[in-house]
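Trainee: Going down the list, the protein sequences come from chains V and Z. Going by our numbering, the first residue of the first sequence is number 1, and it counts up by one from there. Going by our numbering, the first residue of the second sequence is number 1, and it counts up by one from there.
None of these hints come from the bench; they were simulated from the model. Yeah, the Cβ is synthetic: ideal placement off N, Cα and C, and Gly gets one too. Hints are not guaranteed to be accurate.
As the list claims (entries may be wrong) - For the chain V half of the interface with chain Z, some residues (derived, Cβ under 7 Å), not all of them:
| id | residue |
| --- | --- |
| 1 | S53 |
| 2 | R72 |
| 3 | P85 |
| 4 | F102 |
| 5 | Y107 |
| 6 | R233 |
| 7 | I234 |
| 8 | G244 |
| 9 | L246 |
| 10 | E261 |
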Amino acid sequence: MTSTNAIQVKGLKKNYNGFPAVHNLEFTVREGEIFSLLGPNGAGKSTTISMLSCLLPPSGGDALIAGHSITRASGSVKRTIGVVPQEIALYDDLSAHQNLVFWGRMYGLRGSRLSRRVDEVLDLTGLADRRHDRAGLYSGGMQRRLNIGIALLHEPRIVIFDEPTVGIDPQSRRRILDGVKEINARGVTVLYTTHYMEEAQELSHRIAIMDHGRLIAQGTHNELMRMVGGLHRITLTLSRKPAGLLALWRMLAGVHSVSEEGERVRLLVQDSTRVLPTLFESAAREETHITGMDIQEPDLEAVFLHLTGKALRD
Amino acid sequence: MRILYLAMKDLSQIIRQKKSALFLLILPVLFTGLLGAVFTRNGQEDPRLPVALAMRDAGALGAYYETLLGYSDTIHPTAPGQTDAASLEQLVRSQKAAAAVIIPEGFSRQTLAGESPRLTVIVDRNAPAGQAADRAIQLAATRLLGAVQTARLGAEAHGPFGSEAARQEYLLASLADAVRAWRDPLVRVTARPAGTGNAAADGFAQASPGMMVFFATIGMITPGYLLLAERRSRTLARMLTTDIRRAEIIAGHTLAMFVAGFLQVILLTLFGQAAFGLDYWRDPAALLLMAGVLALWSAAFGLLIGTLARDENQVVLLVMGATLVFGFVGGAFFPLDLAGAAYAAVGRMMPSAWAIRGFQDIILRAAGWKTVTGPAAILVLYALAFYALAVLRFQSDAAR
Ligand SMILES: Nc1ncnc2c1ncn2[C@@H]1O[C@H](COP(=O)(O)OP(=O)(O)O)[C@@H](O)[C@H]1O
Ligand SMILES: [Mg+2]
């Protein structure tokens, strides 16, 4: 890959009165990707985001954002990024439109560019027909969307999301996740923090797992899965069990083991999507029906469990 | 530019809050009306000090003297039941009259003849009211004698008269002119007593500036609350993720508070002028200067409250607590002259006392802008002190 780095974090540290909230963080976000920081509450995600958005001076280390140092060129950093804070940060006595106009001005937008961007963001967030209602009257999901929309007004190249889906209904969450993908598809680099492994898994090109202020693992989803063996568990229920069929399956590439468990057959495979069609085809040739199937993918939960000995959400 | 947009946003939020109109305008108007009425006591009654006048002269000059006494802002002549010296003395001693004056028989004749007859003045010179009355009595006498002198000089210049009657007639005519002129003098000398009594003379001259200053800080409840809300809702943190500088944020909020406070003072002075005839706007430069520094001080105060308070209740508590101290100690509810010496001495150090003094200089003493630069400068110093504290507090808070 020849892509350049959007964010390069170099030994970033933050102590709160001696308590190390973030410790020697090292990671790199490439231009154009969605990079997730995954970790339980208190892992230090928000502290990291605050340092990257120049709200909080680091206790040590540095980070480059589009090549600008957060400690020495905060002005350039701030102009490059859009930050979606974890808390809903808007004026709830003003309407969505008034909020967007105000924040657009704070980002330095004026005149026709301002009104064009306000309209675009209202469309993007689906708030266009409620634009003149007070933001305080919106549902939690709508407020979250407006909270995100504000950070996109000035068309930043890099957008940092801090747990944007906390405490909202599944429908709004779906909308937000799709929105993040859409923004990324337009070429925006995304740094996304969450404590939901499904979100990190669905969105990210690469993931860093954080706990107690430290990065404990990072890589693509597949790379992380390999840490826990990366084997899918497939459990099949068959109409009958011809001996030749099971023997054939044991010889397939990507299949690690085949075992009989009463009515069922359990296979450990490297990649279920690649193996499954072959399993179905060969069963059909032996005139055997697969009447039930259960696939267990290894997940980030398992990785976290593997690395820390505790569950991600507790 | 961003400072301006930030201030505009703040102002539109301030206007949206129903409380703003209440604290900035409605309550001060109500309180001024109530308090002013209390201090004026009885609208019908003459607020000036009563001076018993025993008239033993039958001529014109005695009457002119009574007229001149009546023009005074400080005293008004009354006719006592008994005019013997002992009764008059009793009146003064019992404080039913601030002083008594006996105009002797033949006062007119002797004066016109160029002699100087003696007025008898009975007064307690140890009482502030007595001193004030005494000064007013002397002033009227000086004016009368001055008028007589002028008339005689005029008569001399006029040349010989056909008869003594014609001369007398001429003298009296020019005297009448001179006395009438004192009714609306070019230069007004007002003798204000240093003690009690005068505050009651115009309750609204106390209540209007007093309540204006009192509500200048109370008016900061909504702006202070909005600043607190901004800190708490993390909109302030969000603002700091744009490349606006902290100084610009502070300036924007201060500007909004200043504009709100300034408009409040302007509206309240216009109201005071229209409703109570207080001449705030005689010298617009003086008024604008005082309005500006009062708004500056209250804006700095609002900024300090907004950065200190941790929740909504604290905003109200801090504003009300400080305002009550400024108000009661600083003389917003009653003139500091009425208070004990120690109380008044402490009170006169309050920024509120200086603000009230500046506005009273304007409405009571027709002060121009140069005269109010003193009180204005002290208010600016207080504003700077509050502002510095607020900025320190804001810097450490925003770095959280
Ligand atoms: N202002 C602060 N002062 C002291 N400790 C803090 C402060 N902010 C966060 N912390 C602590 O730092 C740790 C990391 O917090 P945070 O970055 O908010 O984690 P996350 O966003 O991953 O939930 C937590 O233990 C939290 O209690
Ligand atoms: Mg967090």
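Trainee: State the violated hints by number, sorted upward, taking the hints as numbered earlier in the document.
Mentor: 2, 6, 7, 8, 9 and 10
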